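Go ahead and model the full structure; you've got the sequences and the hints to work with.
Protein chains in written order, with the working numbering: chain A, 3 to 304; chain B, 3 to 304.
Note that these hints are calculated values from the structure, not bench results.
This list has only true hints and no planted wrong ones.
Copies of one chain are not kept apart here, so a pair can be met inside one copy or by any two copies together.
Listed below are the simulated DMTMM-like cross-link pairs for lysine to aspartate or glutamate, each with C-alpha atoms no more than 25 Å apart in a straight line:
#1 202 / 304
#2 202 / 266
#3 4 / 57
#4 202 / 263
#5 145 / 110
Predicted model, so just to flag it, every value in this text is computed and none were measured.
2 protein chains.
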Amino acid sequence: MKIGIIGSGALGLYYGAMLQKSGQDIHFLMRRDYEAVRQSGLHVYSVNGNFHLSEVACYRSPKDIGPVDTVIVGLKTFSNQHLTELVRPLLGTRTAILTLQNGLGNEELLAKAFGRERILGGVAFLCTNRGEPGTVQHLGEGKIHLGEFCGGLSARSRKLAEIFQKAGVPCEAVSDLRRARWEKLAWNIPFNGLSALIQKDVTGLLDHPPSKRLIRMLMLEVISGANAQPLEQRIDAKKFSEQLIAFTENMDPYRPSMMIDRLEGRPLELEAIYAIPIEQAEAAGVQMPRVEMLYSLLSAGE
Amino acid sequence: MKIGIIGSGALGLYYGAMLQKSGQDIHFLMRRDYEAVRQSGLHVYSVNGNFHLSEVACYRSPKDIGPVDTVIVGLKTFSNQHLTELVRPLLGTRTAILTLQNGLGNEELLAKAFGRERILGGVAFLCTNRGEPGTVQHLGEGKIHLGEFCGGLSARSRKLAEIFQKAGVPCEAVSDLRRARWEKLAWNIPFNGLSALIQKDVTGLLDHPPSKRLIRMLMLEVISGANAQPLEQRIDAKKFSEQLIAFTENMDPYRPSMMIDRLEGRPLELEAIYAIPIEQAEAAGVQMPRVEMLYSLLSAGE
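Below you can see the structure in the form of structure tokens.
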């Protein structure tokens with residue numbers, strides 16, 4: 003399958019490399035890593051074993067990639083103003099677009115520009131960081147839940163899940179993408195925001211009883227916002243929040259991307275991870291006061 | 003009046019200097035500024051006019067001060083474990099103790115050690131910062147509300163207020179010290195904590211609509227905590243919070259002491275300004291969820 007990767011940050015590089023290693027025909031749109039990858043290929047340092055791709059099809063302009071079967075979007079959402087112009091040159095008549103970006107609003111943006119039927123979304127539970135140009139570090143996890151923006155389990159989403167699985171990436175096609183997005187928010191909202199605000203990794207946050215308590219309260223607010231949406235099945239608040247906390251306690255100390263974005267002076271993904279979820283919860287009659295406070299505090303530092 | 007100053011930080015130095023200039027007999031317990039003041043006296047750089055005291059009675063040990071008429075306490079509350087041992091050598095049979103420290107719990111600590119009848123408390127709306135050793139910067143404001151720990155308007159508290167007034171410090175004796183303490187908390191809890199957390203001065207916080215809204219919500223929580231206490235008269239939440247915000251908007255950009263403490267790696271006054279007020283509000287049946295969240299975030303950074 004010919005796949006274009008738009009947004010070759012840590013996530014795009016890692017999944018793209020895994021897919022290419024399994025035999026897929028991968029084309030990366032690159033900015034920061036372009037020169038390094040042209041010269042020496044792409045190095046993946048992974049907890050599951052390092053590998054090196056010496057021949058990597060990388061491009062400076064999406065026009066040079068041309069039409070593909072599937073576009074995978076890994077762009078940071080704070081660059082979403084460029085998203086549609088970057089994706090457009092890759093579209094053939096039947097091209098599908100899978101966005102693995104964080105938060106809410108990304109499928110809607112793509113659907114508005116290119117039609118709802120093209121769009122799939124996915125959430126990635128992935129711990130990666132960018133390394134030196136031409137390298138990516140995979141620190142753990144990596145599972146993807148993906149589904150149709152229009153809902154339901156399609157042949158297309160099952161096929162994509164299979165392609166990821168064959169590449170060694172745990173992947174599940176789900177019928178309720180909205181639920182998957184909110185489940186991921188229950189992790190992103192506390193861990194990304196708190197780590198950016200107080201510059202502690204996830205282990206540091208969980209080791210301090212007051213911030214662990216706060217993480218739990220934030221998760222419960224997000225899940226109550228989720229359960230006010232039209233989900234196929236409600237999220238079990240207590241069970242799911244405890245699962246997320248246990249999952250994170252089993253991780254090695256990890257610095258979420260938002261912590262690194264703040265540290266390195268980049269903007270934060272506040273719109274997708276905070277503003278739109280708060281808006282959607284409110285529209286469904288649910289207040290998330292602690293989430294709002296966290297959003298205020300993060301936005302004050304921008 | 004012979005007055006001993008315990009805790010010669012910005013507040014202790016400024017009020018001590020003003021009192022000495024007006025003719026009171028002032029004795030400073032000093033640490034950081036001792037050598038500089040011994041050599042070149044104390045320089046006050048004030049919006050109301052600079053002045054210099056060439057002869058300053060300063061001491062390294064409270065034993066060398068001996069009994070005084072009044073002890074004024076300006077110690078940072080995170081050093082309260084040393085408070086009683088520092089005050090004890092200054093006590094004669096009738097010595098009064100006035101604590102101008104931040105937050106709650108200071109009068110109680112002194113009362114437990116030395117008897118309730120000795121204790122007065124005061125809240126200072128004062129913008130000062132320490133400068134180079136031997137100097138203090140008075141950036142604005144300075145009003146004190148003081149009162150008896152046991153309540154009521156005593157001759158002693160009126161007398162003390164008069165002494166401050168004669169020294170050019172606006173000062174009012176109040177019958178309800180508890181109310182004055184909570185009024186001050188309605189300022190300290192939002193502005194100290196938020197400025198320490200996101201390293202913005204009060205003007206920066208108020209210029210950003212989301213943090214201004216958060217400041218107002220924090221104030222309203224604190225006032226609801228206050229009004230659950232046995233006050234002589236309730237605080238008008240709406241009116242008082244708007245007054246505090248207007249008062250702060252009229253100030254020049256000011257970095258609260260907690261912001262500077264965090265910046266310079268010192269501990270924060272979290273017990274007096276957050277933990278005890280949260281405890282007292284809870285004991286009176288009032289939750290302050292945003293104040294609790296701010297406390298958690300600040301404590302996670304300690």
